[in-house]
Amino acid sequence: MIRSNSRLSRAADIINYCVLILIGIAMLFPFYYMVIVSFSSYADFVQQDMLLWPKTWVLDAYEFILGSKVLFRSIGVTIFVTVAATLFSLLLTAMMAYALARNIMGQRYFLFMILFTFVFSAGIIPTYLVVKETHLLDSIWALIIPSAINSFNLIVMRQFFLSIPNELSEAALIDGANDLQIFSRVILPLSKPSLAAFGLFYAVSNWNAYFNAILYISDPAKWTVQVVLRQIVVLGQTKATLSDAAQMAMAQNPPPTETVGMAAILIATIPILVVYPFLQKHFAKGVMLGAVKG
Amino acid sequence: MVQLRRLWKEKYLYLLLLPGLIYFIVYRYVPMLGNVIAFQDFSPFQGFLHSDWVGMKHFMKIFEDKEVVRVIWNTLYLSFLQILFAFPASVVLSLLLNEVRNGKFKRIVQSIVYLPHFLSWVVVIGIATVFLKTNGVVNQLLHSVFGMEPIAFMQEPGWFMPLIVLEVIWKETGWGTIIFLAALAGVSPALYEAAIVDGANRWRQIWHITLPAIRSTIVILLILRLGSVLDVGFEQIFLMLNPLNKEIGNVLDTFVYFKGIEQSDFSFATAVGLFKSFVGLVLIVGANRLAKRFGEEGVY
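Taken in order, these protein sequences are the chains called A and B.
1 is the number of the first residue of the first sequence in our numbering; add one for each residue after it.
1001 is the number of the first residue of the second sequence in our numbering; add one for each residue after it.
Possibly wrong hints are sitting among the right ones.
As the list claims (entries may be wrong) - Partial pick of chain A residues on the chain B-facing surface, computed with a CB cut under 10 Å:
| hint | residue |
| --- | --- |
| 1 | Tyr17 |
| 2 | Phe29 |
| 3 | Leu52 |
| 4 | Leu66 |
| 5 | Gly67 |
| 6 | Val70 |
| 7 | Tyr98 |
| 8 | Ile104 |
| 9 | Glu133 |
| 10 | Leu162 |
| 11 | Asn166 |
| 12 | Leu229 |
| 13 | Thr269 |
| 14 | Gln280 |
The set of hints was computed from the structure by calculation and includes no laboratory data.
Everything numeric in this text was worked out from a predicted model, so none of it was measured.
Even for Gly, the Cβ is constructed at its ideal location relative to N, Cα and C.
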């Protein structure tokens, strides 16, 4: 590629790089601040001696969290919900998407039914009442079943199944396979990479899900990690939420809410950071597929 | 008869369809029908069937209720701010990234700016709470550089809307660039080469090649955004609300939640929610028409 190498163009390049570096710092600095706050001592935090680097690195906040079962129990609940919901969503979405990718009778009406949910949502209250009527209130299944299929993912997955050449299914058909066998033995194995990508996206959204948890769950034993984080960090109710640890720490000075909060966020965010490189491989593809109309 | 035979032939496909179909009916369409309680004085003890029908009573109340009018205004104002500030941020960042020639540098910056999208709102607002505390790092900087008194960002009602927009910019700007960068990846380098031969400087290249390449994407995303002008993000706003900023920050979705779930005023809350869904439907259909009139493909 020819480049214009005028001095002006060079200057523009340098300015552009500087601006992008500043943007990158703006994106990362809150993470950095979170880490150093979580390792700061009470005195340093209160006196603000740890603006960019803690005077002393301490593990008080982490020890405090380890003293409580609450956060780890909520992480356990969230892992269960994430795994169960992701598998359930993937299975339901893939089955429905495949059926709709084949030319079945009434396909148009089924597709309309799905697309209509894009433009008209039932609303919070009636959905809440249905969840209540189906006896899911205060059950962790309320975090799995009512949000099982994301219409957008369904349409994108159908688009993907449509792109698989017909010859493969036809060959299996000639070999005497029925549609169920074609789906489970031909189509699903072929779609593993795509299913993994959809699974990652479902998993991240399940891990981060918060709205359904406050709407449907009131029993603190079934709180997900996001709900516990809100109690600690946003509402500042560290001691009330992690009361078992607070009792143990009564003898010493308990660490400030802020350092405990940042430590809790860090622990709860590690899974996202771990899967991030894998997500990154897929998301450009996901967005592109999404641009294809259903 | 022919249809029955076809149904039998496709029986396994219907079997695959069935669980999803049941899901859609039970959790998406039954609730739509459940909106009838907006026309009742619904009581959970009497249920859908035995509650008293009151016609349009709750809908008439919507515009008489000063709080609802205020909430609608808040929603529209916040949407307007987001379209004005958060939407162009992605376009600008895409243009900056597109000018980077060093592939490695570009990839690193992209990895960094996409990351916040995958954090939950609880995490983002949790960090913001500590970041913006009166003794947090932002106030310290403002104090040491400009000698300013500490500002209670999270409590001051005047800071509510700006913070919401800033948080959206921080979390979603990077993610928003993907679709523009994808459109730009399709631009032939020959266009830029020809422009350079013709003596176009960098600015002119952006103006005459890069921007026209993403114009249709910008138009269609903007129209879609206008179609969902009443959706401003429940989770973020719910988390940011506190007694001090509730008057300025309450939007339609959070209002429905507080009215319906916390105060158990099911019928009125449903009426407000249904009003919102209906306006949303009209807007999105209208926006799609508009997109087609602009010569774009539309979304459905």
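Hints versus structure:
The interface hint given for A/Tyr17 is met, as the beta carbon of that residue sits about 7 Å from the closest beta carbon of chain B, less than 10 Å. Given hint, A/Phe29 at the interface with chain B, holds; its Cβ is 9 Å from that chain's nearest Cβ, closer than 10 Å. Hint status for A/Leu52: holds, given a least beta-carbon distance of 8 Å to chain B, under 10 Å. Interface hint at A/Leu66: violated, since its Cβ lies 19 Å from the closest Cβ of chain B, which is beyond the 10 Å cut-off.
The beta carbon of A/Gly67 is not positioned within 10 Å of any beta carbon in chain B (closest approach about 20 Å), and the interface hint is therefore violated. This hint is violated: A/Val70 has a C-beta 15 Å from the nearest C-beta of chain B, more than the 10 Å allowed. Hint status for A/Tyr98: holds, given a least beta-carbon distance of 6 Å to chain B, under 10 Å. Taking 10 Å as the C-beta cut-off, the interface hint given for A/Ile104 holds, the closest approach to chain B being about 5 Å.
Satisfaction of the interface hint for A/Glu133 is found here, the shortest Cβ-Cβ separation to chain B being roughly 9 Å, below the 10 Å cut-off. Taking 10 Å as the C-beta cut-off, the interface hint given for A/Leu162 is violated, the closest approach to chain B being about 14 Å. For A/Asn166, the interface hint is violated, the least distance from its beta-carbon to any beta-carbon of chain B being 14 Å, above 10 Å. Taking 10 Å as the C-beta contact cut-off toward chain B, the hint placing A/Leu229 at the interface holds, the least distance being around 5 Å.
The interface hint given for A/Thr269 is met, as the beta carbon of that residue sits about 6 Å from the closest beta carbon of chain B, less than 10 Å. The interface hint given for A/Gln280 is met, as the beta carbon of that residue sits about 6 Å from the closest beta carbon of chain B, less than 10 Å.
Violated hints for the displayed structure, listed by number in ascending order: 4, 5, 6, 10, 11.
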